[in-house]
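Heads up: the sequence shown runs through residues -19 to -1, 1 to 169, numbered per mature numbering (1 follows the signal peptide of the UniProt record, and there is no 0).
Hints are not guaranteed to be accurate.
Claimed, not checked - In the DSBU-like style, the derived pairs of lysine-lysine whose C-alpha atoms are separated by at most 35 Å in a straight line are:
#	residue 1	residue 2
1	Lys92	Lys169
2	Lys115	Lys86
3	Lys92	Lys50
4	Lys115	Lys169
5	Lys131	Lys92
6	Lys60	Lys169
7	Lys115	Lys37
8	Lys69	Lys86
9	Lys54	Lys115
10	Lys37	Lys92
11	Lys54	Lys169
12	Lys69	Lys49
13	Lys50	Lys69
14	Lys50	Lys86
15	Lys115	Lys84
16	Lys60	Lys50
17	Lys49	Lys112
18	Lys69	Lys169
19	Lys169	Lys112
20	Lys115	Lys69
21	Lys69	Lys155
22	Lys60	Lys115
23	Lys50	Lys37
24	Lys69	Lys133
25	Lys37	Lys69
26	Lys112	Lys50
27	Lys133	Lys169
28	Lys155	Lys169
As the list claims (entries may be wrong) - Derived DEER-like restraints, expressed as beta-carbon distance ranges:
#	residue 1	residue 2	range
29	Ser45	Lys169	35 to 43 Å
30	Pro75	Tyr101	36 to 44 Å
31	Ser89	Glu46	35 to 43 Å
32	Lys169	Gly116	13 to 21 Å
33	Glu119	Ile88	27 to 35 Å
34	Ile88	Lys50	34 to 42 Å
If you are wondering where the hints come from, they were derived from the structure by calculation, not from laboratory data. Every residue gets a Cβ at the ideal spot worked out from N, C-alpha and C, and that includes glycine.
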Amino acid sequence: MKRIVRILLVGLMMSTLVACGNANIPVNEEGIKQEKKEDNYIAYGDSADSGNWNIKIRDVSEVSEVDKKDGGKFTADGKFINTLLDMKNISQNPVSYSLTDFKLKDISTGKTYVIEDIGYEVAHELISEEKFYKGNDEYITIMDDVNPDKSKIACISFEVNEYLQLDNLVLVNKNNGNAGEGVQFKLK
């Protein structure tokens, strides 16, 4: 479990370093980074408002197994796509997120995937090291309330076929504050 958390954190640091070197990011007159959209998709690493949340994909990993704290393993029939998210509550009240707020969409086929029970368990296992064992209150799990203007880190996981490619996938978020189809984030 520690190894997975370390891998996720190293991936996060690497992606942050790469992002710091990107000089082609458009800025508005106030000097604030603008969202880059490509075919109505939010570019990887950019944030966007989605209902009650401002969301940014922090890190994405593909694995076939996830270690359990008790020594067992979660094993995917295909693979797990694990996503760490920065989530800021932009509403006026405390809010939480749920399993039904997120879907994974393959834009090459139009197929949509939901978070199944094993995805919930994997995400909970991945985040439990930081949240429960280390007492890091920056992390949230499903149904944890977040106060207005607070940012937290969430983890979601999808079990999918091994042939799915990150280049073709978008994370779709639609929550109680959304109108329309939801916001779509590129995973790569």
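Hint numbers contradicted by this structure: Violated hints: 29, 30, 31, 32; rest satisfied.
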